[in-house]
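Given the coordinates of chain A, assemble chains B and C onto it according to the supplied hints.
As a plain string of letters, each chain reads:
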Amino acid sequence: MASTAADSTAQAAPTAPPSLILPPSQFARLQPHAYLLAHLSPPASSQQPSLRANGRSPSQFRITSANTGSLTHTNGSAVVRLGDTTAVCGIKAEILHTEDIPSWSVSHSSSSLASNKRRKLTSPAENLGADREDGSEETDDDDDSYIEDFSLLVPNLSLSTGCAPGFIPGAPPSALAQSLSHQILSLLRSTRIVRSKDLQIWYQRPNLGREELEVHNEDEQMDVDVEQDRSGGATPEPREIKAFWVLYIDIMIISLAGNPFDAAWLSVLAALRDTKLPRAWWDVDNEIVVCSDLVSEARKLSLRGLPVASSFGVFEADAAAGWRAVLIPDAEEERKIADSERKGIRRRWILADPDGYEEGLSLERVCLVVDRDQGGSGEVVIVKLEKNGGFAVDRKELKQLVEISAQRWEDINQILGQC
Amino acid sequence: MAAQRQASSASQTPHLSPAELSYLYTSLSLPGTPIRPDGRSPTQFRPLAAETDILPGTNGSARVGFADGTQAIVGVKAEVERTALGIQALSTAEQQDYAAAGNDDRGGGNNGGSKQGSVSGSGQGSWVQMAIEIPGFRDDDALPVFLAEMMREPLVESVSGGGEGGMVGGLKGRLVINRRWHWRLYIDVLLLSQPLSYPLPLLSLTTHLALLATKLPKLKSKGEEDPFFDDDWNAAEYLYPRVKSTKHSSIPGSISVHKVRPPVTLLVVSVAENIIFDPSREEIAVADAVLAISVTYDTDFDRLKLLSIRTIDPPSRLTQPGVPNSENVATLGSTTAAEESVIVNPSTGEEEVPGVWRPRRGGVKRATIAKMIKMVLEKGGVGEEVLDGLEGVEVG
Amino acid sequence: MTDRRRINGPPGGTRPPIFASSLESTSDIVAERPQRQRQPNELRKIFLKTGLIPSASGSSYLEFEPSTSLSAARSKPKSVIPPSSSLKLACTVHGPKPLPRSATFSPNLVLTTHVKYAPFAGRRRKGHVRDASERDLGVHLETALRGAIVAERWPKSGLDITITILEAEDDRWWGDAPDSHDAAWGMMNVLAGCITAASAAISDARIDCLDLVAGGVAAVVADETAGRETTSQLMLDTDPADHRSILSACVVAYMPARDEITELWLKGDNSKSSVGTDNRGLGHEALIDGAVDAARGAHSVLAEAVRESAQRFAGLPSGDFT
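Chains as they are written, first to last, in UniProt numbering: chain A, 1 to 419; chain B, 1 to 396; chain C, 1 to 322.
Keep in mind that the hints are not guaranteed to be accurate.
[Stated by the list, open to error] Sample of chain A residues at the chain C side, in silico, Cβ under 7 Å:
| id | residue |
| --- | --- |
| 1 | 94 |
| 2 | 166 |
| 3 | 170 |
| 4 | 181 |
| 5 | 282 |
| 6 | 295 |
[Claimed, not checked] In silico lysine-lysine, DSSO-like type, Cα no more than 30 Å apart, as pairs:
| id | chain 1 | residue 1 | chain 2 | residue 2 |
| --- | --- | --- | --- | --- |
| 7 | A | 197 | A | 384 |
| 8 | A | 276 | A | 197 |
| 9 | A | 276 | A | 336 |
| 10 | C | 45 | C | 78 |
| 11 | A | 384 | A | 396 |
| 12 | C | 49 | C | 97 |
| 13 | A | 384 | A | 399 |
| 14 | A | 387 | A | 336 |
| 15 | C | 76 | A | 197 |
| 16 | A | 384 | A | 276 |
| 17 | A | 276 | C | 97 |
| 18 | A | 197 | C | 78 |
| 19 | C | 45 | B | 365 |
| 20 | C | 76 | A | 276 |
| 21 | A | 336 | A | 300 |
| 22 | B | 215 | B | 77 |
| 23 | A | 336 | A | 399 |
| 24 | B | 220 | B | 77 |
| 25 | C | 78 | A | 300 |
| 26 | A | 300 | A | 197 |
| 27 | C | 97 | A | 300 |
Bear in mind the hints are in silico, worked out from the structure with no lab data behind them. Bear in mind that the values here come from a model prediction, so they are computed numbers and not experimental data. Yeah, the Cβ is synthetic: ideal placement off N, Cα and C, and Gly gets one too.
If we strip away everything but chain A, and leave its shape as in the complex, we get:
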């Protein structure tokens, strides 16, 4: 809520005729653009900082909180609150047998030997940081095609939860919901955040692995296997993928007050970090994959990096500017803009984490997804940059936005570290 002082200036400032006095809330509804503009550009005399109608500074994000693991029936879950926007993400893992994949026998049964070779290249006890090395990088690339080919990650976002008045419950997903689902899917794929290695369920002929034999012997060591063991000796039998874990990532936006993407992505991120998959193995007798229900044997996903999304909306002082500015400003205009900025007159504001009110007033949107190498100490990497709806944001401003996003990354890293 805005302070009353700001509200009074808002009424006096731009258009309202002096005879008509409106309470701030009505003014905000009748003249949303002028209302926000008045907040962002207080008269120089008032000595007030440029604040948004919701009391935040332009680069300030809303209070963010995350809570994981509260939903019983999920493998991983998270509740993320971004101001008044609430997203609940639940991940349920199911098993995809390779025999259920139509193209599997054609394309992969022959390559099981090759993948076995690769497996030996990267040592079984591959530690997390080591995969950025050149040798193993290649392996990752190859393996990750599984995720995309067999759609092992299935994110779906639902807005029909009564989160906002516009969405009819029970109706098919709205255009916004479909677009958000696809954005999350493409980000999951492009960041390669989930390792294919974590989702594979292998079957190894029992005479190969020492450790596997140890773990499995009570379950599946049959007389036949022991015989094989004796006869097979030390020659390694081929190891083959029998099944994959499929992660159904469902995001329910419980409350929508702007910027659903950041909230949804953060909830996916937190839920993925929370996700534990039980140990699973191929049961030869029953020809199915069987899991262990022991928590001690379940393992977490080892995620690649921590890509954090930050969205921005561009608010322009001239409401119609977006329609007229078809041409890129030439040198003279650029100088004019620079001049006016020096005088303290700004034409536009880039608002971080816009709420629902601000989203309705900004045409141009920027979404940045950044990550840092090596657990935060390394360089900032732009994972995704999306900008649409206008021409206003230029290179210089984008650089600033990357800095803000990097700062945001630190905050989120801390928030996720706590939960």
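Structure of chains B and C alone, referenced to chain A:
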């Protein structure tokens, strides 16, 4: 959209004026002796014509027609199906679930988690599938879904003792052939015309008759063999077994008696202090409360037993209110004091001007519910009367 | 046909994980069955809060207290299979708002109820499209609420009530075979929760009601205790995971001030048991009374939540954003 919404309520609100509603309500709420528009007594059912075994391609079928022209046909088909055991149960059950998503048959019934060899004596509720088709409604509209659940629920819920002619584990138990095989029952309910009143009594009676007439071929295989059956239809056994005895003599002239009978769902409404059975559309429109009560007869128990109760949203809540003269702008000033005397309705506790219709509000008292249930269940009560009447139809 | 508006999983379908322990012999699992730690007439604690969703005219969030077995499993996890679950749901109310132009005239408030499970709400993944049980719940909820709302105050208006169930109740203990009792007992607890939460949200939206309508569940359970023969007992607010066999259960929507029931849903066959009365035929009355007692318990929580909502409303300066 609005039509769909209101369809979930007990029936489409008939277009009666507030004055008509008020008149109906007053005559139906006369203490002790309600006057029904068609002159029936409170517990009297509408006359109906019924016949069974009308569809030769089914295991059992029935047709019931009410005097107002509405007719329903029910066909029961039985198929032999392999019982999913242990691991198969775990791995196949969910594929069925996905295939059947959106069908009417699953009330969240069949979930996984079984263990090997645990399916022995008792069956599963999901073996009974019920589909209701009502003209003018889509399969997934609230009314057919609600009706199907309402009628399937008591069917699979009923448990019963063994003994001669008994059904161990109720209908579910009857469907078990052996450990690896069971019958799957498809009950298809078809209403032939747009429902004139709430179709529940008609559909329930027809389903009851069809189930009574349902025969399953005689099993020739023994024990755990793969089942094969006698192809002589005359040797087939009734789904609800009959006992050839006359010791239960409440039904005169019947040769065979059912020890266990399929449940029947009765529609009961309360208007003020009165309880009225088998309400017509107009009567339901002024009801304070509408209950669907499912009962069945079990000789073990030697009386009717209650299987399920559901409240149905009375359409009287959606009717248009009448305007008392004191508030009416057109007649303002012409009212007399006597007309404005306010009485309190004993059943709703609301202030009412006599002769002016107010949509019903609030719920129903526990005492009223108890009274409704009692009238259905008691010996010689409405429930027994209905079941006996239906038995007569079947035999004759 | 695939749903082109959603992201679909592998076309061949996937299977839920099968745990090795569920394939083993039954004997050692029985010991792990959660036991009811509450007295027969003791209810679970309910967390109910209103006004968490500002874009709705009214909203509420309801959560049942996790059972002792579940909280023990949370603090010291041993098995990845949760022993039981606790209901969590969010309810929003939008309206009263004008009916769409195409709708026919209605002299009363047109109520639309919508209950949807989140895909991850149960042990088994639910589909995105509402199934029969969800529609059934919607009808039950509508019946329960319509009796309480003073509908003729808003002619030509609509009220949308949407409930998202984030975590549902189990229908039975997971270790039991599906045939042990395959009726959807968990649905009844869910309905009771929906009624209470929706009632809070409606009050939060400042819709006139006759009374706060609260939901309650009671059940007749037959638990096998070692060595003794099966006895049946009336329990309030049953968690289906705690009980081997539920004979019959009842959920009511109850308005204490008027002592009236707006919705009654009773199912099951308890003719074999004698509960509450000596007369075997009257078990249902004890059951209904039990459910009403449970609803009275929920009502006290509901009243508290509504008072908070009213205080928050009064605390705000008038004419502010709502």
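Do the hints match the structure? See the list:
no., hint, verdict
1, 94, "4 Å, holds"
2, 166, "9 Å, violated"
3, 170, "6 Å, holds"
4, 181, "5 Å, holds"
5, 282, "12 Å, violated"
6, 295, "4 Å, holds"
7, A/197 to A/384, "24 Å, holds"
8, A/276 to A/197, "14 Å, holds"
9, A/276 to A/336, "57 Å, violated"
10, C/45 to C/78, "25 Å, holds"
11, A/384 to A/396, "18 Å, holds"
12, C/49 to C/97, "24 Å, holds"
13, A/384 to A/399, "14 Å, holds"
14, A/387 to A/336, "25 Å, holds"
15, C/76 to A/197, "28 Å, holds"
16, A/384 to A/276, "27 Å, holds"
17, A/276 to C/97, "44 Å, violated"
18, A/197 to C/78, "25 Å, holds"
19, C/45 to B/365, "27 Å, holds"
20, C/76 to A/276, "15 Å, holds"
21, A/336 to A/300, "56 Å, violated"
22, B/215 to B/77, "10 Å, holds"
23, A/336 to A/399, "22 Å, holds"
24, B/220 to B/77, "20 Å, holds"
25, C/78 to A/300, "15 Å, holds"
26, A/300 to A/197, "12 Å, holds"
27, C/97 to A/300, "47 Å, violated"
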